[in-house]
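Chains as they are written, first to last, in our numbering: chain A, 1 to 186; chain B, 1 to 793; chain C, 1 to 290.
No lab work stands behind these hints: they were computed from the structure. Hints should not be assumed to be uniformly reliable.
Derived BS3-like pairs: lysine-lysine, alpha-carbon spacing no greater than 27 Å straight-line [as the list claims (entries may be wrong)]:
{"hint": "1", "chain 1": "A", "residue 1": "160", "chain 2": "C", "residue 2": "83"}
{"hint": "2", "chain 1": "C", "residue 1": "83", "chain 2": "A", "residue 2": "168"}
{"hint": "3", "chain 1": "B", "residue 1": "7", "chain 2": "A", "residue 2": "160"}
{"hint": "4", "chain 1": "B", "residue 1": "27", "chain 2": "A", "residue 2": "168"}
{"hint": "5", "chain 1": "A", "residue 1": "160", "chain 2": "B", "residue 2": "27"}
{"hint": "6", "chain 1": "B", "residue 1": "757", "chain 2": "B", "residue 2": "449"}
{"hint": "7", "chain 1": "A", "residue 1": "168", "chain 2": "B", "residue 2": "7"}
{"hint": "8", "chain 1": "B", "residue 1": "331", "chain 2": "B", "residue 2": "161"}
For clarity, every value in this text was computed on a predicted model and none was experimentally measured.
The lines below spell out each chain.
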Amino acid sequence: MTLFEEVPVTTAEEIPVRRVEMRVNGETRAANIEPRLLLAHLIRNGMQLTGTHTGCDTTNCGACTVLFDGQPVKSCTMFAVQADGHEITTVEGLATASELHPIQEGFKDEHGLQCGFCTPGMMLSAKALLDENPNPTEDEVRWALSGNLCRCTGYQNIVKAVLWAAEKMRGDEPASEDAADGGGEA
Amino acid sequence: MALDEIKIGGLGASRRRVEDNRFIRGKGNYVDDIVLPGMLHMEILRSPLAHARITSIDVSGAWAIPGVRLVLTGEMMAARNLAWMPTLSYDTQAVLATDKVRFQGQEVACVVADDPYTAKDGCEAIVVEYEPLPPIVNPYQAMAADAPLIRDDKVNQTDNKIFDWEVGDKEGTDRAFAQADVVSEIDMHYPRSHPSPIETCGSVADFDRSTSKLTVYMTSQAPHIIRAAVALVAEIPEHMIRIIAPDLGGGFGNKVPVYPGYVMSILASILTERPVKWIEDKSGNLISTGFGRDVYLKGQIAMRNDGKILGVRMHTDSDHGAFFSDAQPSKFKIGLMHSAFACYDIPAAHLTATGVYTNKAPGGVAYRCSFRVTEAMYFQERMICAAADDLGMDQAEFRRVNLVRDDDFPKRTPFGFLTDSGQYEKCLDIGLEAIGYADFKQEQQAARKRGRLLGIGISTMTEPLGAGNSREYDILGIKMFDSAELRVHMTGKAILRTGAKTQGQGHETTWAQIVAHELGIPADDILVEEGDTDTAPFGMGTYASRSTPVAGAAVAMVSRKIRAKARKIAAHLLEVSEEDIEWELGRFYVRGAQDRGVSIQECAMAAYSNVPDGMEPGLENNAYYDPPNLTWPFACYIAKVEVDPETGVWDVLRVVAVDDCGVRINPMIVEGQIMGGLTEAYAMANMQFLTFDEDGNCIGSNYMDYLLPTAWETPGFELHEVVTPCPHHPIGAKGIGECATVGGPAAFVNAVMDALKHTGVRNIDMPLLPDRVHDALTTGNDISGMPPVKTEA
Amino acid sequence: MFPSRFRYEAPSSLGEAVALLASHDDSKVLAGGQSLIPMMKLRFASPALLVDINNIPGLDQHGAQPDGSYRIGALVRHADLEKSTTLGEHQPTIAAAAPLIADPIVRTRGTFVGSVCHADPQGDWASCLVALDGSIVAHGPTGRRTIPVDDFVTGPFQTVLAPDEIAVEAVIGAASGSRKGGYLKLERRVGDFATVGVAVALEMSGSTVTKAGIGLTGVGSATINAREAADAIVGSSLGDDEIAVAAEAAAAASSPRSDHRGSADYKRHVVATFVGRLLAQHQPAEAEVA
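Generate the whole structure from the sequences, applying the supplied hints.
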C-alpha cells in the first residue's frame, strides 16, 4: 500500500484507467494503468524490471522480448491490459536466488554478448526454444533467434551459448575453454 | 614462484567478462534505466520535409494538454542564444530550426511532459506550416550551378561546397601514370549507412539550481568531449558539469557527436528545475543522427604489365548532409581517406576531395571505422580487384606483387603515413590456404558448367588505429591522447579509471588484465570504472578503435609507475638497495636470493603502513599517454559466395578471416570484435543502407526498411591469427574493433564480382541487392550510384 | 512508440464484441495485434475503441472438417500453423508459408485471419488464401456471412468488413483431388516484407492438375489473383511449356512498383521465376508422363 499517490490536478478528458493483475516472474503484481500503456513500459517503468529493453518502434529488434504464458512475445507490441490474468517471465526471472539459468551461464561462458542490450530478449527467445526443443541444431537455434537483432556479436557466439546451455540442461557438462572467470558468481 | 599469468587473468587469458555478471541478469544500467525523483519526459517534433521554410509554428495545442510542462521552439532557443550549436568540425548546427528545415527529421520543437505518452500527444498537437523548397539529395545536385543554397544562414557561404582538400604528390603521380603500361579506372559509391546501435541516443539532464550543478546521464562514447562542448554551448562552468555515460547499448560511432536532443534536455531541465529524460525513438535515431560513408569515388591505378603498381589517383565527392558535423581529427577534411593503399608498396599517390552540403542528415561519423578508413579500404580493395582483372592477373598474385614486405618496415605509405610492422604475405597465405584457393578455380569452372555461379573475394588491408599522436590529431583543438588512473588499496585490491568509455568492448575485463600483466594483481582484484567525468581522468573517449592503442597503453604506463614505487617500498621492506631488487609477476625479490621477496600486495600494505622515510604514502598514480604513432593491424578477409543466376540472390558459403592485431590481451574478446565487425561488413554489402528519394525522404527510417541481418542470414566465420607485436605500444597491442567492418565489405563484393566475372561486369555498388546483381548479370553492365529509388506514382 | 489514448474492452463473447463495435464508429478489433499495434505506436492508426477478442472462446482452432473443408479460427497464431504436425498433409501451401511469416516472435502472437483482414498488399497469408480460393467468415449483428477472399479485400488495407463485423474464421473448401502447392518469398532477411511472394495451390488427380490458384504478394496495390496463370495449367500435367506460359502470365498479372526492394522489372521476373519453381516441384517424374 502506498500512503500517497499524486494524481493530475486537471484532466481534459476522463482517462480510462483499468486495474490489471498478472504473475510476473512468479509473483502476483497488480497495477492501475491506462489501456494505451505498452506491456514493455509497464514492465520497465511500472515494475522497475529494467532488464527488458526497448530498441525499436516497429516490432523488429526483439530487445523487449519476454515470455507470455511461456511463449516469447515482443512486449512493445502488446498492451499491458492484455496481460491481465497472464504469466510473464522477464530476464530477472531467469535466475533463482542462488543459481544462474544455464542460458545465462552459457552467454557468459561463450562470450554471447557485448553491449548487453539485446541479451535479455535473446536469452528469453533461447529459453522458449530450449523448453520446446532440448537438443536443437545450430540451424534451429539461428532460426529461433531470428526475431532478435544483435549489432555487436555477429551471432556466432550467441548460437554457441545456446548450444552450450542446451547441453548443460540435458545434464551434460559442456566444454568450456579453461580461463579466468571474470569474477562474480557466474 | 612467479604467478601463472593466465590463471590471474593476465595478458592472453580468455577471461570471461566481468560486465556480463550484470548484463545476463538484466541488471545493466542504461540511460533509459535512470529514474530520478520528479523526472519529466521529452519528445521531439521533427520535420517531415527535407528542405522548407518554416512560416509558422503554433504550439498552443500542446500547452493545452494536461501534463505538458514545457514546449520549446527554435524561437525560444534563439532567445537564449541556443538555436545553433558548434559542431565537431568547426561548423554550426541547428538545435531547433528557426529559419528553415534542412533535412527530413530535423528537430523543430520539443515537448516536455509528465510522461512520454503525454509528451508525444503534445508533439502531435503542434501545428507547423512549411513552404517547401527544392531538396538536394546527392553531391552532384549540390554542386550544380543553379542549386539552391542550403546554408543561407552562413554569412560567406555562396554555394553548397564545404571544402576542397588534397593530399599526396600530384606531380609524382602524374609521372607514374605517364609511365604506366595499363591504367585501371573505376568509379563507385559507398552508400550512406547508419551505425544503428540497438539502443538509441538519450539523456537525463538534471540541473540543480541550489548548487548550480548540472548532471547529465548520456549515451556518450566520449563524455569528456561532451563536457567541454556543454561548457562552451550552455556557458555553464566546466566544473559544474558532470557527464555520466552509464552502460551503452552499443555505439559504433553513433554516440560520439553532440546532438540537439541532449542540448534541449539540458535547457528543459534548467527551465523546469526538474530532471528531464529524453529517449530518442528509432526513427529519430536513423534519420537525424550520425551516419557513416556516403562518398563517391573516381579511382585510377597506374601499373606495369608485370603487375607492379606505379601510382594511384583518387578523387572523392562526399555528402555531409545539412551541417558539417563530422566527428574527426580537424586537420583532415575527409578523415583518414589517405590511409588508402597503406599495405601496398606504391611510389606515388594523389587524392583530391570535395565535400558538400545536401538536404540530408548531418554527421559523418566513424561508423566502426577510424575516420573514413572504411571507405578508404573499400575503395582500395575494389580498385585492386578491378586492376587485377583489367591486367588479367590472379587476385592473390597481384596483391603479392604489391604488398609491403616484412623487412621493409618502417615504411612510408603512398600518402605519407608511417607503418611499422606486419607480416602481410603470411596472413594472405594463411587465408588462401584456409579457403582452399588453389583448388577454387577448378571448382568454379566445374560449377559454372552446371549453371552455378561461385566466386571468391579477397580483401587485404592495414589501417591506422589509435589516434593520436597528438601533434597531428585533435578534435576542436583538443589533443587526442588518453589517460588512466590507478589506485591500489592497502589490501592489494585496486580501482582503475580511464578516460575511455566501453560500449561492449569489455574494458572492465581487459583493462584489469593489463594491470594484472604489469603488476601481478589478479584481474579479479581490480575494479574498472569509466564514463563519469567527475571521477574519471580526462580522455577522448572510445571510437576509431583507439581504446587499446591509447587508453590501454595508459593503463600499462600507470601500472608501471605503480610498480616503480612499489619497487622502492620492496627495497625498504627487504632492506636492500633498489638496484638489488628483481621483479617477477606479482613479487619483488632480492637478486641472487629468489626466496627472499615480497608480493605486490605486501608492498601495497606497506604503502599505507610502513613507507620508507621521505616517501609519500599511498599507492596511486595516473598516466596520460600520447602515442608516438598509430597502430597498424593487418587483415586478410576472404569470402566465398554463390550467386543464384535466376534471382541475383547471393549466399555466403564461407568467410575466412586472418587478423594480425599484435598482442591479444583477451583472445576471446578480440574474436568477438572480429565476428561483430564481419557481420556489419556483410550487412553493408548485402542489405544495410540509407537512401533517399528525390524529395529527400529517407528510405530506411525504421527497421522495416533499414535492414540489419539476423542470426539466420549471418554467415559463420572462420578465424585465424598472426601476431606481429606493435613496436611502440607498451604491450605490443594494436587496435582491432573495426578491422573487419573496414576490410570486410570488399571481400564480399569482390566475391560477387568474381562470380559474375564472365559477364564483363566490373562493379556493382553496395548494397548488392538481388535486383542490382540480377540486372548486372543479365545486361553485363555495371550498376553504379545510389541504390535506385525510382518513386513511381 | 507511444500510442494515442483509446478505450479498451475485452468481451468474452462474440455477441458482446459485435455490440461494442457497433457502439462506436471508430473501433478496431484486436486479435494478434502484430500489425495494428505497430501502426498505433507510430500513430498511423488511432482508433478510439479497441475490442480485444482474445478472451472469446472457440476461435483458436484450426483443422480439417468432416466436409473436407479446412477452417482456421480468428485466434489461430502463425506459430500454431508453423508447428502443426497435421497441417502439411491437408494444406501444403499454408504449411510452406507459415515459417516465412514475419519472425519467430511475431509468429507467436500474430494471427492468420488478422493478417488477411489487415489487407496489406505485402501480407503473405492473403496470397495463400487467394491461391486456395478460400473465404472469410464474418460475424455481425445479424449473423454470419461467408465472403470469398477475392471479394473480401477491396484495396490496400481495405476490406468489405462492416464496422460491426468480426472475421471469425478463414475457410478453405474441400479439394477435389490431392492438394499440392507451396509458397516462395524473396526477403532479404527474416522479418522483411516480401520483395516478391508467390503462393501456388494445386489440386491434382494423378498427374493432371484439376484446379489451380496462384496468389502474388507485394507486387501490386493489393494481393493479386493470377487467374490466367492458374488457368494455363489446369488440365495439364505441368509440362515445361505450360509452366512457362503460367510463369509469364503471372508476371503479366503483377503490377509492381520500383522501390528500394527492387525494380518493377526485376520483381516481375522473380514472379515468373518463383511460379516456375513452385510448379516444377509438382511435375510428375518423367516415367509417369510417359
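Verification of the supplied hints:
Between residue 160(A) and residue 83(C) the CA atoms are separated by roughly 24 Å; this keeps the pair inside 27 Å, and the hint holds. Distance restraint check for residue 83(C) and residue 168(A): the Cα-Cα separation of roughly 25 Å lies within the 27 Å cut-off, and the hinted pair is therefore satisfied. Among the hinted pairs, residue 7(B) with residue 160(A) is consistent with the structure: their alpha-carbon atoms are about 24 Å apart, no more than 27 Å. Among the hinted pairs, residue 27(B) with residue 168(A) is consistent with the structure: their alpha-carbon atoms are about 24 Å apart, no more than 27 Å.
The hinted pair formed by residue 160(A) and residue 27(B) meets the criterion: a straight-line CA distance of about 23 Å does not exceed 27 Å. About 14 Å separates the Cα atoms of residue 757(B) and residue 449(B), which keeps this hinted pair within 27 Å; it holds. Between residue 168(A) and residue 7(B), the direct Cα distance comes to roughly 24 Å. Compliance with the 27 Å bound is thereby established for this hinted pair. Distance restraint check for residue 331(B) and residue 161(B): the Cα-Cα separation of roughly 18 Å lies within the 27 Å cut-off, and the hinted pair is therefore satisfied.
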